Amino acid sequence: MENSIPRVRTARAVKVRTDRSFTEKTFVVFLYAFTGLFALACFVPFWLVLINSFADESAIKRHGYQLLPKNFSLSAYQFVMHGKQVASSYFVSTTVTVAGTVLAVLVTSMYAYVLAHPKVKYRSALSFLTYFTMIFGAGLVGFYILIANWLHLKDTLWALILPYLLNPFFAFIMVSFFRTLPYEINEAATVDGANDLKIFFRIILPISKPVIATVGLFYALQYWNDFFLALMFIDDYKLHPLQMMIRQLISNINISAYVGGSQTVYNQPLPTYGVQLATVCLTIGPIVFLYPFIQKYFVKGITIGALKG
Numbered sequence: 021m022e023n024s025i026p027r028v029r030t031a032r033a034v035k036v037r038t039d040r041s042f043t044e045k046t047f048v049v050f051l052y053a054f055t056g057l058f059a060l061a062c063f064v065p066f067w068l069v070l071i072n073s074f075a076d077e078s079a080i081k082r083h084g085y086q087l088l089p090k091n092f093s094l095s096a097y098q099f100v101m102h103g104k105q106v107a108s109s110y111f112v113s114t115t116v117t118v119a120g121t122v123l124a125v126l127v128t129s130m131y132a133y134v135l136a137h138p139k140v141k142y143r144s145a146l147s148f149l150t151y152f153t154m155i156f157g158a159g160l161v162g163f164y165i166l167i168a169n170w171l172h173l174k175d176t177l178w179a180l181i182l183p184y185l186l187n188p189f190f191a192f193i194m195v196s197f198f199r200t201l202p203y204e205i206n207e208a209a210t211v212d213g214a215n216d217l218k219i220f221f222r223i224i225l226p227i228s229k230p231v232i233a234t235v236g237l238f239y240a241l242q243y244w245n246d247f248f249l250a251l252m253f254i255d256d257y258k259l260h261p262l263q264m265m266i267r268q269l270i271s272n273i274n275i276s277a278y279v280g281g282s283q284t285v286y287n288q289p290l291p292t293y294g295v296q297l298a299t300v301c302l303t304i305g306p307i308v309f310l311y312p313f314i315q316k317y318f319v320k321g322i323t324i325g326a327l328k329g
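Residue numbers (the working numbering): 21 to 329.
No lab work stands behind these hints, which were simulated from the structure alone.
Below, computed lysine-lysine pairings styled on DSS-like, alpha-carbon distance capped at 27 Å:
| hint | residue 1 | residue 2 |
| --- | --- | --- |
| 1 | 174 | 258 |
| 2 | 229 | 218 |
| 3 | 229 | 139 |
| 4 | 258 | 104 |
Here the structure is a predicted model, which means the values were calculated and not measured.
Could you put together the complete structure from these sequences and hints?
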């Protein structure tokens, strides 16, 4: 009788563990299924753009976008690559993205370090002014007058770089990260004779790779995908970035002169849909290839920046 009681308890415990294990397995299977379906839903639009960029223009007009087109053609890519506008726009977008990202990360990290430094006298006032700009803006008229009339940056690449050098949200992410660093590092470096610039560039930045990679990716995406600044300040089509070129193609504004050159004459209908899809594929390539190199820093950086504020 005495031995039967522990056996009953053991049987109940095993049953509870078995039921819990079955519930957990069911939940895990549901999570995997949901994640897989969500990933598939995100992948299908990219696949449609990619595969239909190789489809024949007549097939797209007749059957629409298909998962596996029957008639393949390279006419859209030949048409896009025939003119010089793609190469020119690639050069503009690459220059703006690289230069803008480097300068923006440098300016934002230096400003965020000032806001996070406990011995800066006016850091609270600077934080308020930074937060204020996230809520209220000067409007398009004042912004245009500043860039075009006062700074005289119209039809220059600086008009595509300077307005995005300091993003308040990205600055606060870096502030949150810098506040997690022990201040004893600064004190030890000061005792060794290092000034603030040497502390920042030789100590703080090397140990801040996760948040720098995260914010750098955000800035790179912002610069690469932006067409609004080009729409406002760039009238010279030779300085149009890739996203502005896509906008012009989708709007179907003088497509033959824009892509092929004003002196080019075409004896067949223009592959309008194919050109749009092919141009999108050509523009998203560099950003897609950028992710694997900073993936190991991305999750860590955004998580650290979000924990404390």
